Amino acid sequence: MASRALGAACMKSIFPTLVVLLVFGTICTGCRRTSERSVSLLGSTSIQPFAEMLAERYAKDHPGEFVEVQGGGSTAGLQATESGLVNIGMCSRSLTAKEALVFTSILIARDGLALVVNRENPVIKLSVEQVRALFAGRVTNWRDVGGKHGPIRPITREEGSGTRESFVRLVMGKERIAGRALTQESNGAVKELVKGDPAAIGYMSLGLVDKDLKAVAIDGIQPTVENVLADRYHLVRPLLFVTKGAANVAARKFIDFVLSPPGQNLLASEGLVKSQ
Amino acid sequence: MKRDKVIGAILLAVALSAITGLAIITVFIFREGVPIILRVGPRQFFLSTDWDPSLGHFGILSMMVGSLFVTVGAAVIGVVFSLSLAIVLTQFAPPGLSAALKPVIELLAGIPSVVYGFVGVVTLVPLIRQWLGGPGLSVLAASIVLGVMILPTITSIAIDALQAVPKSYLEGSIALGATRWQTVTMVLLRAARSGLVAAIILGMGRAIGETMAVIMVAGNALDVPRSLLAPVRTLTSNIALEMGYASGDHRQALFATGVTLFVIITILNTAALAISRQRAGKRRAT
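Chains A and B supply the protein sequences, listed in that same order.
Okay, so the first sequence: first residue is 1 according to our numbering, each after it adds one.
Okay, so the second sequence: first residue is 1001 according to our numbering, each after it adds one.
Careful: at least some of the hints might be erroneous.
[As the list claims (entries may be wrong)] Pair ranges (Cβ atoms, derived):
hint, chain 1, residue 1, chain 2, residue 2, range
1, B, Ile1024, A, Glu99, 28 to 36 Å
2, B, Phe1028, A, Arg252, 36 to 44 Å
3, B, Thr1270, A, Glu68, 37 to 45 Å
4, B, Arg1277, A, Glu68, 48 to 56 Å
Just so you know, these hints were derived from the structure itself, not from any lab.
Model, not experiment: these values are computed from the prediction.
Glycine included, every Cβ here is placed at the ideal spot set by N, Cα and C.
Next comes chain B alone, as it looks inside the complex:
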């Protein structure tokens, strides 16, 4: 009994220290970042595309647009491949094959992002430059690299969501004479919809927060990208690129960029959580 208590206390302390760390980080970035937003004016900070710290211009709109483009691009690519994969692995592939493929996909999540970036720079960027034009370092390159990176996240959550659909739904559908494919599109995907949406949102959260690979393949130009082949700078790459040098207002402006990112990711994660809770609630009701 006493030992249980001791271990319980230790685990509680560890858990609390993790949460405390998170709280301290949150307070810190907000304390560092919010004053400059107020000083520059939120309008100027969020709606101006003019970023030139040495002249005191702090406008992050082009980076926000950049992050949005790259994340949406990654989500499109990631979702198409992950959903297909999840459907094939849960419904069509022989069990032996899916048992073998699933760990392989999860292994993808363990590859460091700098490796993805490097492969992107060496192979993907020259291909885009040669065949599609532009500098190669582009929204497209970043979207493809990120799309591959979020594949394991979305796939594994989507597989869980698909497996959570009661077998009776599928059996009912088949019994009514629907084909396998009709069952998948009309019953399975609909029943698992909220879980799939949560998977996609979590994948987007990962994409928007990714830094290293994006710096390497996105080109980091400051202009708002006008095409898929134009270079782009995201919020995360802006922080990482200039962090080493920044001091004074510049440093604070980078923290403010971090605050913006923090808020966006919190919104995405909360949305994902709310959607998956809703699903759990619904299932309990039925």
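Here chain A stands alone, though its shape is the one from the complex:
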């Protein structure tokens, strides 16, 4: 009897405690673990794969250091940096004048913007003017730009993507991208679509173009690292790391690694163009 009463008493006192623990436990799994030795990056999905590669190499060379990389898009990266959620934002476009006042930006590499089509598409070159007409929906048949008879399906990125903003600035100018353009939310999705659809044309980071896709020459210049370095290929955008104010020690150390010869060589070997 006594032991049962004791048990019940325990139950009574333990049960609310359990509930409280449970609730706080759930809340706290949402908390971010921040430590002096970890660096967090968030932003452009164009930079993300390269940043992940850098982070991996960095972690290997610096045991105990930890770099966390997330996508989300350039503008999201800036917002997260401004609110202090992450140490470094990744931004694949030039900062606007207003943004430049808030953030310190570090040019980690330059990147060509490649126009990609399906491998079966016979078109191998386009002018900037043609690309603009095509994305604005003024030209809708591949025959009109030197291809086979058939519809053109432009694929664009979502509003706020750094790749999209760079494309608009470098190619579209004042013109608007047609409403019928398919909108995909990552470079990977654009790649998948162009790979499978002979009528499609999309744009993406030169470093992400692989053998499944065909990058067309723009104004007669092949999009290659050499041509970007020599300033011959003009669809080029900056890839930036941004921080709010001065970076903390861990972040600074990671940025220094990215700008050092090993970091830059790693980026160059993946198809990007060195910052200097």
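Place chain B on chain A using the hints.
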């Protein structure tokens, strides 16, 4: 006694905190979303198809039409298969088979939507592109994927509705010389009508709110779709696509898109609830 009270109080607190959370979310999205609708003008916001946040154009008509098309498409596909399934499982299948099939169908509800979307992109979209034309990412693809996704919801509620029909109705019908099939179409479906309608509406509510799978297979183009094979952007995909980047008016406009969605879903759910209540009331009267 005292322990009962303590536990009662805890459960009440948990229930209240859930409701409070819901209330806070509701107030929040309305506070964020309604001002921009008023500023742009409801007419402009709901009746314009021009969405270009960077230029300050906020018209969500094409997305509303998109959501409508995709949801109706999903409902057609979902209803045909779920009702057939529910009828077969309750009336024609041997009890062993339905006991085995029912959990399998319910298992479908547990598959994450991104998996449905991925399967759609990899298999369905190329098929549509190859055999029917267009970009493949289309109203049709989204409708099929959503139709499969809402199958478990509609099927399980429809089964409950069919099982709730009194046995005496069916026995009476059979006794009058009607065949099994005549009994199903003339007696069973009619008697269970309100329950079935509620099932369909709840399924539509789920379809209109689905996001991830739709983003992957719908193409997300901004134009109003002119055919089943045209790409389409729904209200939910618009929010999810642009949410990460939006600030200022753009962000508010996305919240306003959310308000629109909230109102539509509330109407659907209320309708479903009202219809099933009506059914319960009727049964009590007889």
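Verification of the supplied hints:
For isoleucine 1024/B and glutamate 99/A, the hinted distance range of 28 to 36 Å is satisfied, since their beta carbons lie about 32 Å from each other. Taken as a hint, the range 36 to 44 Å holds for the pair phenylalanine 1028/B and arginine 252/A, whose Cβ atoms sit roughly 37 Å apart. At about 44 Å, the CB distance of threonine 1270/B to glutamate 68/A agrees with the hint of 37 to 45 Å. A beta carbon spacing of about 50 Å between arginine 1277/B and glutamate 68/A agrees with the range 48 to 56 Å that was offered as a hint.
In this structure, every one of the numbered hints holds.
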